[in-house]
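With the hints as a guide, bring both chains together as one complex.
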Amino acid sequence: MKTILNVAGLRKEFGGVAAVDGVTFQVHAGEIVGLLGPNGAGKTTTISMILGVLAPSAGEIQSVPRERANFASVNAPLPGNLTVAENLRVFGLLFGVDDLSARVDELIQRFDLRRFEHTKAGLLSSGEQTRLCLAKALLNRPRLLLLDEPTASVDPSVARDLRARIREFAAEADAGVLWTSHNMHEVAEVCDRVLFLCHGRLLLEGDPKTLPAQHGRKDLEDLFVAVAREPLSL
Amino acid sequence: MNPRRVFAVVLRQFYLMRGSLSRVLPLFAWVGVDMMLWGFLARYLNGAAASGFSFVGTLLGCVLVWDFFMRVMQGVTTAFFEDVWSRNFLNFFASPLTIREYLAGLVLTSVATSAVGLLAMLLIATLGFGLSFLAYGALFVPFLALLFVFGVALGIMAVALVLRLGPASEWFVWPIPALVAPFAGVFYPVSILPAWMRAVSRALPPSYVFESMRALAAGGAASRTGLLAAAGLDIFYAALAWLIFARTYRAVVRDGRLARYSAETAG
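Protein chains in written order, with this note's numbering: chain A, 1 to 234; chain B, 1 to 267.
Treat the hints as calculated values from the structure; they're not laboratory data. One should not assume that every hint holds.
[Unchecked claim] Have a look at the derived ranges for each label pair, beta carbon to beta carbon:
1. B:Arg254 with A:Ala8: 18 to 28 Å
2. B:Ala239 with A:Lys209: 55 to 65 Å
3. B:Gly137 with A:Pro65: 47 to 57 Å
4. B:Leu240 with A:Ser101: 35 to 45 Å
[As the list claims (entries may be wrong)] Quick look at which bits of chain A chain B covers, simulated, 3 or more residues with Cβ under 8 Å:
5. 45-53
6. 89-99
7. 158-164
We treat Cβ as the ideally placed atom computed from N, Cα and C, and that holds for glycine.
This is chain B alone, in the form it adopts within the complex (with noise of 0.2 Å):
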């Protein structure tokens, strides 16, 4: 892998952001608003509720958390969007660039535009409705890393889609997000499901992650099983999406479709 060319990669999408406001205030203003939202949903259910429970430490924290998630998810298919916005399959596939590399660039530029989403978040949740992340104590960086490569795989998978039908169907993408949400308990805890909701809630990462974060609140312990269970799954889901970007660049390259993506057909 050459950095230089990882480096020209994340260096486009600096330069689209540089002075842009229309890509630089969906960094945080969103995830801010979101943050104020629930922060106050979260005071509101503390004082109704009165029963002790702190719906911040919990409410808020997975709400944060799963934003988190989301930004890191969107930063990647945001950055692949660029190229198919602006058309410029050719320009960079047409040059030494290997695909390893141009997902290296997005996955960086992904950390950078999700960190910016976070200290946004973590300065509201904190200062504005003392969100303490100390109850989760240094839980909280794998409770973040857990849902970064969660979030990373879901959003090279996501590529991989629009890669194959075309530009159209990013449309398919943005509501990834929310279809996973009620699967991962973000809001409530796993066990309230069905049986069906729970199977699948077993095999998606987030949940074991929201989970100890509920149990952490609570003042209990995080599941050390589930957390190891995430990171393998976590693990396998990055294999895949690797697996799914590559055989779906081979497809295209061989079926015509990347030379002729606005197209949205090989024949």
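The following block holds chain A by itself, in its conformation from the complex (with noise of 0.2 Å):
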């Protein structure tokens, strides 16, 4: 199985406290990984460097070229003065995308934006802009697609079809996906493989079916509790 990102060693350190330390994990094609911990585990500041908006204070990324990357994240919402159709437009230039306007045009039917594709992304709800972020991620086909809380925001059932989407998406191009969620039954339903993140560090790995019982838990829920309350105790 080819890998789409290889993490070995990562380290971020902000006044000399350690937000990620030593973080080691790699995501492979056709691949759902859930990046699970409690708030502020490192999950987030793992994606930016990723991303690379923020630098490693040590250790290593390697990964596709940022042409075949794409992310969505609750915390990076699209310009709100820009219509959809204008977002796509600029990112799809932005990220190369070949025949752009078939593109556009496609990613908008399948995230059913097509009414709200002259309206201002900053007039949209939170599940409509969701939806258009996700537009976004997908405009280049990424390999390696981060996905940073990306249904935090929507009603269970658009949560439910976004999920569909995107697991259709990974299949279908073969990517690798780094998924963070605070919604264990959406992790359990989606990923191939879970990390535990806490306290900056990867405290287990695994299926997200088997590992809850691997360490005396009913469910996924059950065990990021535990993570979150006693990571010594695992």
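Set out below in structure tokens:
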């Protein structure tokens, strides 16, 4: 299985305090990997380093070229003063998308954004903005897709729909996906593998369906709570 | 440098301006008002002094190119502020866009916006107040070019400052032209300045441009040495601006300010 992302010994310090501390993992083609952990565990810091907007203090990141990666984050809404179509056109040019008009049209259709095509992104509901961010994230048919809480602000019905679309994309594009979420049911449903971060360290790694039982927990949420409250007990 | 990505930065600015009165009006309105203000003042001084000295040719011509310089600098900084205001750095800098392409996009945006202001000023100054650019001859183009490069360089340095210190520091940027003006000799010859101010003037490309413009308007000749010095200083400031921006960008990526830009701190 081809490795799309290889992170080795990644570390980031802020003022002498390690936010990410020696994290090592891989994401393979066609695989959806959940990056889990309580607030402040280092998930967004890890993703920022992979995106290249934060320099690591130590460690290595080997990935696809930037043209072949993309992301959607709850922390990075697209400019609210551009319309849906304008945003997709601008980012399509930045990512070097061929036959851009057709691709923009296809994604507008796929993410059910047709009636908002000429609406400014800032006027969309949070669910509609999430769909726009995901459309932008898929513009360049990335081999590596980074999703930072992509369904955090959408209702369960939309979230289910988005999960299906992302899974469909990962399978058809043979892309590696790194997905952070606090919704353990979602993670159990979508991810092939999960990584548990706590205080910047990678504590656990495994199949979300079998990992809880391996640690004497009834489900992933139970395991998450244990990691967050008593990381040393695991 | 990928021209499609540079075009994307410019296109974003075009989309913002299209149909936005609050963005389009300032491109020409304030410089137009400035032309009228200084045009009437120059006309009044022509009559009051009754010395035959043309204040329209000297004062109004210098104010025009000074306003052009300000529009160039603010064209760069305002385009950058659009990304600050819409918190767009993560989206832009997590894409394949390089900082060289980003700056090129800001500069091209500034070319377009400052050209609109220049056209408005030329129309008002020539049609309204009879300012003749024939007095400057072909040198009018290098005058503008020298001020353009300095405006771009100052704009990029200002952008680096805001990138380093955070969104609130944009208030340091707006007064920069007003701080430079007393030393640049826009409204008076540099010779009337005290020695320490003259020393500062010598380090500023606009001072050589304005000295030459006054000399030409008075029927004399432009200083070839002065203009060469201005060109050399422009190259120096442009290189310095690039170094400062590149260094600042590396610093904010290293210490986390870019990823947490709105927090204005990395810790």
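Each hint, compared with the structure:
no., hint, result
1, B:Arg254 with A:Ala8: 18 to 28 Å, "holds, 19 Å"
2, B:Ala239 with A:Lys209: 55 to 65 Å, "holds, 58 Å"
3, B:Gly137 with A:Pro65: 47 to 57 Å, "holds, 51 Å"
4, B:Leu240 with A:Ser101: 35 to 45 Å, "holds, 41 Å"
5, 45-53, "holds (count 5)"
6, 89-99, "holds (count 7)"
7, 158-164, "violated (count 0)"
Hint compliance for this structure: hint 7 alone is broken.
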